[in-house]
Amino acid sequence: MKKLLLSTLIIQFLLIGVSQGSDFNKTVKKDIELVQKEDIKTWCAVSGEELYKNYKTSHTAHDYDGKPTQYASLSYLVFDVEENHVKLQNSKVVDVSSNKLIPTKDAYYVMGSNVKGTKSKISKLAFAKKEDAKIFVSKNGGNIVSFEEAFAEAEKSLKEDMKPSNPKKMQREYLKGKKIYEAKCSNKEIDLKVYNWINYLKADLKNQCKKLKENQLHSVALYLWNVKRIENRAVNKIVEVRKEDKCPVCGMFVYKYPKWAAKLEFVKHEHKHYYVFDGVKDMIKFVHNPKKYNEHEKMIEQKLLVTDYYTQYAIDGKEAFYVVGSDTLGPMGNELIPFKYEEDAKTFLKDHQGTSIFKFSEITSELICKLDGLETCE
0 MKKLLLSTLI IQFLLIGVSQ GSDFNKTVKK DIELVQKEDI KTWCAVSGEE LYKNYKTSHT
60 AHDYDGKPTQ YASLSYLVFD VEENHVKLQN SKVVDVSSNK LIPTKDAYYV MGSNVKGTKS
120 KISKLAFAKK EDAKIFVSKN GGNIVSFEEA FAEAEKSLKE DMKPSNPKKM QREYLKGKKI
180 YEAKCSNKEI DLKVYNWINY LKADLKNQCK KLKENQLHSV ALYLWNVKRI ENRAVNKIVE
240 VRKEDKCPVC GMFVYKYPKW AAKLEFVKHE HKHYYVFDGV KDMIKFVHNP KKYNEHEKMI
300 EQKLLVTDYY TQYAIDGKEA FYVVGSDTLG PMGNELIPFK YEEDAKTFLK DHQGTSIFKF
360 SEITSELICK LDGLETCE
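Mapping of the sequence shown onto numbering that gives the first Met the number 0: position 359 corresponds to residue 358, and the numbering continues sequentially without gaps.
Calculated directly from the structure, the hints in this document are not laboratory data.
We treat Cβ as the ideally placed atom computed from N, Cα and C, and that holds for glycine.
Be aware that a few hints might be false.
Each computed BS3-like pair below joins lysine-lysine, with the alpha-carbon atoms no more than 27 Å apart [stated by the list, open to error]: (1) 297 <-> 271; (2) 236 <-> 99; (3) 167 <-> 212; (4) 227 <-> 183; (5) 227 <-> 192; (6) 271 <-> 162; (7) 205 <-> 227; (8) 339 <-> 255; (9) 115 <-> 158; (10) 369 <-> 290; (11) 52 <-> 28; (12) 339 <-> 358; (13) 128 <-> 99.
Restraint-style ranges between C-beta atoms, simulated for each label pair [unchecked claim]: (14) 242 <-> 190: 22 to 32 Å; (15) 89 <-> 302: 33 to 43 Å; (16) 345 <-> 148: 10 to 20 Å; (17) 86 <-> 143: 44 to 54 Å; (18) 145 <-> 36: 44 to 54 Å; (19) 128 <-> 342: 48 to 58 Å; (20) 140 <-> 65: 21 to 31 Å.
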């Protein structure tokens, strides 16, 4: 029996360990599990790279509409949780041993092995069986941790990990993408404001531009995503938030939720001041009753800015159209979703099961209380 057990362990070691040292290959081309819809399924939602190249570190989640998303690494998943509020409830990760997707909550992560990380200085590889993880550690080093611990580590190093590893090479890539775009796609109208994920942009580019190879397509997508899109945002002002700014109503750091940011600019004692909020709902609570949130002095209101849900640009909060009752939740739950144009608000209401559209002057304290699930405001 002992000999049989030893033989089994040796076989496992050979299967798991031999190919997984410093020359460990994260690429898998056959029989891989891709969960996104057909036209975007082969690309990472955040980086746009082909998923098979780093399949061994691939993760999945669901966006705010419940559609599946897939990533080349845990770092990209963490980024998307912060950027687009994707949901982790049913997230999955590839089991290194079987190449099958398994629930992240059940996975044993080996963190800090001698295997190079995917968009991270510290590698994080997942296993369905603890015994497999132990065998891997015995050959490649690292520690066995839970998904929560691996996620926390990825979150801590995210800012550093997301920086380009070779800025000069990236600039050359952008230049290459720009040339290809102008030669083969420049006659096509591409509205970059409508995309939350780069793989959707790649899918449209594939259909709209002259026939492109994968590497050309990726260069164009990177140029548009990381250069043109940023340039457009600079021209069209966004709601500016500093990292230390907290919402005076809920106390949360607003920079974490740029897509929901709202801002009240005012003058007090002849000096300009401002408050920022992680959603229109909290801003309205403050405007209706500033004393409740320790603002007791007279404020001369100058400007209310909210973030248009579709364009992500700053718009006049008093002129905006607000959708309520939709299936789209903000950082503080049920929200008033702002739009510059009424037609956009109507489209969103129809697509997301909204119930009503309000102008700023029509928003009452009673409506805010209902959004919070309270029958009365008392």
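Cross-check of the supplied hints:
no. : hint                    : in the structure
1   : 297 <-> 271             : holds, 13 Å
2   : 236 <-> 99              : violated, 44 Å
3   : 167 <-> 212             : holds, 23 Å
4   : 227 <-> 183             : holds, 16 Å
5   : 227 <-> 192             : holds, 11 Å
6   : 271 <-> 162             : violated, 34 Å
7   : 205 <-> 227             : holds, 18 Å
8   : 339 <-> 255             : holds, 23 Å
9   : 115 <-> 158             : holds, 18 Å
10  : 369 <-> 290             : holds, 21 Å
11  : 52 <-> 28               : holds, 8 Å
12  : 339 <-> 358             : holds, 11 Å
13  : 128 <-> 99              : holds, 12 Å
14  : 242 <-> 190: 22 to 32 Å : holds, 30 Å
15  : 89 <-> 302: 33 to 43 Å  : holds, 41 Å
16  : 345 <-> 148: 10 to 20 Å : violated, 45 Å
17  : 86 <-> 143: 44 to 54 Å  : violated, 26 Å
18  : 145 <-> 36: 44 to 54 Å  : violated, 30 Å
19  : 128 <-> 342: 48 to 58 Å : holds, 54 Å
20  : 140 <-> 65: 21 to 31 Å  : violated, 39 Å
Comparing the model with each numbered hint stated earlier shows that hints 2, 6, 16, 17, 18 and 20 do not hold.
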